[in-house]
Amino acid sequence: DVKVTQSSRYLVKRTGEKVFLECVQDMDHENMFWYRQDPGLGLRLIYFSYDVKMKEKGDIPEGYSVSREKKERFSLILESASTNQTSMYLCASSRTNSGNTIYFGEGSWLTVV
Amino acid sequence: QKEVEQDPGPLSVPEGAIVSLNCTYSNSAFQYFMWYRQYSRKGPELLMYTYSSGNKEDGRFTAQVDKSSKYISLFIRDSQPSDSATYLCAMSPIDNYGQNFVFGPGTRLSVLP
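These protein sequence lines map, in sequence, to chains A and B. Residue 268 in this note's numbering sits at position 88 of the first sequence; the count goes up by one each step and never skips. Residue 1364 in this note's numbering sits at position 103 of the second sequence; the count goes up by one each step and never skips.
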């Protein structure tokens, strides 16, 4: 079974703090993604990466950056957390050109106070 | 028009009922179709995926794709309280370089004992 592991399930951070969300996948997938999910807004793509050190902006990249130093690991960074970044963050992975499946982690609930 | 439309619900049914969940889409390039189940405060879990038109069955679940009508469905037979969750449809084109997964907003289902 594909496993996507998000290291932090629940975090509470203060406004202005730098936040790191870590994600690891064990299926040698080329593509990794970070989404945020908010009630009424559905899943929104923040960034995705199709290879080590490669990244592409998604629909809502402002206020976020990412890092992919190893194929299995994809990190989301909030440089200066703000209250409007309180959300559920989902990491996902997929194989290039498989087209058919994307696998999600359990999610990280971030509250910024 | 949104790329993928899905009735947000909530949908409440009695235990044992047959449930029909539906999505419509506008992009004829979509070839892969997926259904995810998401329990409260958890990440989406892949339930079923299909390629192009037709039906696919897995236990109590049947996925149906009608590309001519741009309409996909998930049927749940003999629904159980454990099926209570939000169901997301997702789709992608055949040449999927990672960023082209599109998700519906989800339908919230409650199965009442």
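Everything labelled a hint here was simulated from the structure, so no lab data went into it. Any given hint might turn out to be false.
Mimicking BS3-like on lysine-lysine, the simulated pairs with C-alpha atoms at most 30 Å apart in a straight line are [unchecked claim]:
1. A:LYS193 - A:LYS233
2. A:LYS193 - B:LYS1303
3. A:LYS198 - B:LYS1317
4. A:LYS233 - A:LYS198
Quiz item: Is it true that the CA of LYS193 of chain A sits at most 30 Å from the CA of LYS1303 of chain B?
Solution: Holds - the C-alpha atoms of LYS1303 of chain B and LYS193 of chain A are around 20 Å apart, at most 30 Å.
Quiz prompt | Satisfaction of hint between LYS1317 of chain B and LYS198 of chain A, Cα-Cα up to 30 Å | solution = violated (45 Å)
Quiz item: Can the restraint linking LYS233 of chain A and LYS198 of chain A be considered satisfied, given a maximum Cα separation of 30 Å?
Solution: Holds, at roughly 21 Å.
Quiz item: Has the given pair, LYS193 of chain A with LYS233 of chain A, been kept, meaning a C-alpha gap of at most 30 Å?
Solution: Since the Cα atoms of LYS193 of chain A and LYS233 of chain A sit roughly 27 Å apart, the hinted pair holds (cutoff 30 Å).
Going through the hint list in order, the structure does not satisfy hint 3, though it satisfies all others.
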